[in-house]
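**Q** Sequence:
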Amino acid sequence: MISGSLSEWATAMDGELLGPDGHFAGVSTDSRSQARGALFFALRGERFDGADFLSAAVSGGATGAVLSRPLPEDVPQIIVRDTRGALADCARTWRGRFDIPVIGVTGSNGKTTVKELTASILRAEWGGQSVLASRRSFNNEIGLPLTLLDLSGTHNAAVLEFGASRPGDIASLSEIARPTIGAVLNASPAHLQGLGDVENVAREKGVLMSSLAPDGTGVIPAGTPFSDYWQGLLGERTVLRFGGDGDFSARNAKGINSGLGFELHCPAGVAPVETGLIGAHNLRNALAACALAAAAGAGLDAMAAGLRGREGVSGRLQMHEPGAGVRLIDDSYNANPASMSAAIGVLAGQEGERWLVAGDMAELGQDSAQWHRRVGEEAARAGVERLYCAGEHSRQAAEAFGAGARWRSGVGDLCRLLTDELQAGVTILVKGSRFMGMERAVAALLEAAGDLNGEIDEHG
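Numbered by our numbering, the letters in the sequence shown go through residues 1 to 460 in order.
One or more hints might be untrue.
Simulated restraints on C-beta separations [what the hints assert, rightly or not]:
# : residue 1 : residue 2 : range
1 : E353      : E274      : 25 to 35 angstroms
2 : D228      : R69       : 23 to 33 angstroms
3 : S172      : P70       : 21 to 31 angstroms
4 : R69       : D301      : 47 to 57 angstroms
These are computed hints drawn from the structure, not numbers from a lab. Cβ atoms here follow ideal geometry from the backbone N, Cα and C, with glycine treated the same way.
Based on the provided sequences and hints, a complete structural model is requested.
**A** See the structure below:
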């Protein structure tokens, strides 16, 4: 992780050091998890100012603090014009000290899954502590720098998520990370409030391709409406395509709805792959991860080993069997129209009675009502028996679904309804945008299914 003297890094972020020089190791932006000996960055947001928590950070062991104004606290302070910009400056400088593959992953869907699968393959190639990967979904102007600042001499590669909600986001992140390998997984309706339409989404995601090092490698899907556009942005750089008839393809796929297995075909050869992933879209994610890892130096054996038994990331198509024959698919982390459609496809492939629990999808702009109606229509066409909805916009989905739909304005009310109506033997998929907090529905259903299982055991 980043370390050094306060004076050295004050210069790197064009700041002024007030107080005695000292040494720090690591950084923090949250006083609640302040590590002893780390440098505290007092970031500002619309509803918070990190400077208000300086005392707590010092009590937690901060060696120094990066602030936009001096404060009467007995700790060395680096005063900068903008603390977020200073964080980016530090990350940019620290990243420049490492001559390793830096992999960027972007797309409307699948970033976190592909990041984790890629890291797993590379660890199978080089060992457990050899790869730095973004924590959780650290994919913005704060999360990406924080990830880069964790780089150390033990790392052979870094795998980073690149998120975008408005034009210019990918360029800013690329300027900090300077990726050598990158993937655009897809472009679909997501963050339309900031990006306008799918064409602009594809354009913004494509910036990653044109930002790669001149001798870098771009990984793109084969046969999509934007594939040729993204390939054009790569110029003379190496191109690897995944899916369809691409360089990394799958044959004889099985277990789409229970645990993906397939035969991997790639330039390094052919290998059988067995995973714990579910959903056809995760087949493409696995292929993208293989392409990225291969570009960084992973061999065929590592691809198979790194994917072996891998399951979904937390909150992304994770299967639970809490009892009473209930099967709960937790896809609650986030949602947009494309990922919701993929989730409905997974649910439709399950046996028995199927319920979809859907929350609002965020940032869809003026066409939000239309996209939510499509959720209800698609679920009905797929044969889903019940649709439970929460949120202002999801009322449209319930109306489009028709008989068998239940709607509540909030997730709390929906949880109470779900626990009252839960039946043995049903398969339930939960999904919604992050702001909805659909993990509350997952927790309520897991508890209710456990109680239901106890009642069944008690009464035989």
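**Q** Compare the structure with each hint and give your call.
**A** Comparing the hints with the structure gives:
no.: 1; hint: E353 / E274: 25 to 35 angstroms; verdict: holds, 29 angstroms
no.: 2; hint: D228 / R69: 23 to 33 angstroms; verdict: violated, 50 angstroms
no.: 3; hint: S172 / P70: 21 to 31 angstroms; verdict: holds, 28 angstroms
no.: 4; hint: R69 / D301: 47 to 57 angstroms; verdict: holds, 55 angstroms
Of the numbered hints listed earlier, the single one contradicted by the structure is hint 2.
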